[in-house]
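2 protein chains.
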Amino acid sequence: MQRYFLNEHYKGQNLVRITGEDVHHIGRVMRMKIGDHIWVVFNESKTASAAITNIEDTFVEVEILGWEPQNKELPVQITVASGLPKGDKLEWIIQKGTELGAFEFVPFIADRSVVKWDKKKEVKKIERWNKIAKEAAEQAHRQVLPTVHPPFTLTELIEYSNQFTCKLVAYEEAAKEGETSSFAKALQSAKAGDSFFIVYGPEGGLSEKEKDVLINNNFVICGLGPRILRTETAPLYTLAAISYHFELMR
Amino acid sequence: MQRYFLNEHYKGQNLVRITGEDVHHIGRVMRMKIGDHIWVVFNESKTASAAITNIEDTFVEVEILGWEPQNKELPVQITVASGLPKGDKLEWIIQKGTELGAFEFVPFIADRSVVKWDKKKEVKKIERWNKIAKEAAEQAHRQVLPTVHPPFTLTELIEYSNQFTCKLVAYEEAAKEGETSSFAKALQSAKAGDSFFIVYGPEGGLSEKEKDVLINNNFVICGLGPRILRTETAPLYTLAAISYHFELMR
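The listed protein sequences derive, respectively, from chains Z and G.
Taken in order, the first sequence gives residues 1 to 250; the numbers are from the working numbering.
Taken in order, the second sequence gives residues 1 to 250; the numbers are from the working numbering.
Take the hints with a grain of salt, since some may be wrong.
Which copy? The list can't say, so a pair holds if one copy fits it or any two copies do.
[Said to hold, decoys possible] The list that follows gives simulated cross-link-like pairs (lysine to any residue, SDA-like), each with its CA atoms no further than 25 Å apart: (1) Lys131 with Gly87; (2) Lys209 with Asn130; (3) Lys72 with Ile221; (4) Lys176 with Leu145; (5) Lys86 with Arg230; (6) Lys86 with Ile221; (7) Lys209 with Phe103.
These aren't lab readings, by the way, just hints derived from the structure by calculation.
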């Protein structure tokens, strides 16, 4: 069943209007008819099953039939902060990361980021990234639509991270030295509602300088096992481990 | 430091000869010289650091200097059995799965596999898949080179699976019904040296018939959390969770 993120608060109404690009998707792409059912996702993970009551050029009206149990989301919010990687790897991180339950993506321009960030093309890039998150969230049956921010500088990232319960850095050198306990300890100490801000280096890893700045700002260095993970694999490792820890393990 | 898989048993020798494609890689691609150091990986995860003593057209000779600790591999062997997916998704599964510690890949022709398996192109495909596994194993610092088999039928898969300690199926419908304990229970009951055979459906999932055949052959159905994972993401989830369980958690 198709899922649409409304990006609005539920106000108690029985009839809901969908506007914007989703109107075209419902009417022309999926060719839905009056009576067809869809999921509509409000803020705060409130997700309703709804029947289409009216299809117009500029809006689709639906009637709420019932509510999906609020159990699709991780009990902790995970923000994935990736050093800007090459090519389309960030799109892959966003797509898979959204499937795996990430709350938010904060790319940042790392010392060793090869790709040049072109401010002129920024708007189109951010649009594309957010569209990828939206499609992935719909397919994965998410009840939250993850946000993708424009790339931060390290300074902006540090400032942004201050609001988070737990701040971690996936650091390859730590793994090589056999560091295995910080990540598990962080998960064991966490409780529902906590927010994790996790930093990953680009290809080539984080620089010594970046690592020192993060440590001086109370980030905890973590290894992610003995095998070296690529920049696009490491975030998926942590998200899967977090899901396993909080959702499958007793 | 470059890593080369020799695919032979260590016989106690101090000088080792490398032959085949790796000779070209060492001499022409990496342009190494006498005295340069590399890792050479024998069977049974025996991995030596070695110095190049001679570079010829048909072989490279190295002298063993020391041994890497045998700690890069998961304590349980994981075989990833993927219903043949579309496009190059299996290549992603092989590459990322190898980074994440998979022991072996057994693609199979599922009821809902869209792609037609062309026996004429089989040899080239298998070569390519195994090359991807090799490159990923080298970069991830694996001490085992995962094998990629030609696609099995379901019957061949069932027969092959009989040698494994634990047989699981990642089944989307189970996740939708809230099944959360089978996977964790399987990991909790496992001990070092066990082998896991895990089946994943293609896009569209496994058919009812396939699910029934697997259950009748003692496979355990598992959910992988409340979010729907794509065919190429599910194997990565299980590998990461297994690594977290055995390598990071106390």
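When no copy is specified for Lys86 and Arg230, does a C-alpha distance of 25 Å or less occur within a copy, between copies, both, or neither?
Classified as both; 12 Å inside a copy, 23 Å across copies.
For this session: Indicate which option fits the pair Lys209, Phe103 if close means a Cα-Cα distance not exceeding 25 Å: within, between, both or neither.
Result: Neither. Shortest intra-copy (28 Å) and inter-copy (37 Å) distances fail the 25 Å Cα cut-off.
Checklist entry - Are the CA atoms of Lys209 and Asn130 at most 25 Å apart within a copy, between copies, both, or neither? => result Classified as neither; 31 Å inside a copy, 38 Å across copies.
- Task: Using 25 Å as the alpha carbon limit, work out where Lys72 and Ile221 are close: within a copy, between copies, both or neither.
- Result: between (29 Å within a copy, 20 Å between copies)
Is the C-alpha distance from Lys131 to Gly87 at most 25 Å within one copy, between copies, in both cases, or in neither? both (17 Å within a copy, 22 Å between copies)
| task | Tell me, please, which holds for Lys86 and Ile221 at an alpha-carbon limit of 25 Å: within, between, both or neither? | result | within (24 Å within a copy, 38 Å between copies)
Practice item. State whether the alpha carbon distance between Lys176 and Leu145 is at most 25 Å within one copy, between copies, both, or neither. Key: between (35 Å within a copy, 20 Å between copies)
Hints 2 and 7 from the earlier list are contradicted by this structure; the remaining hints agree with it.
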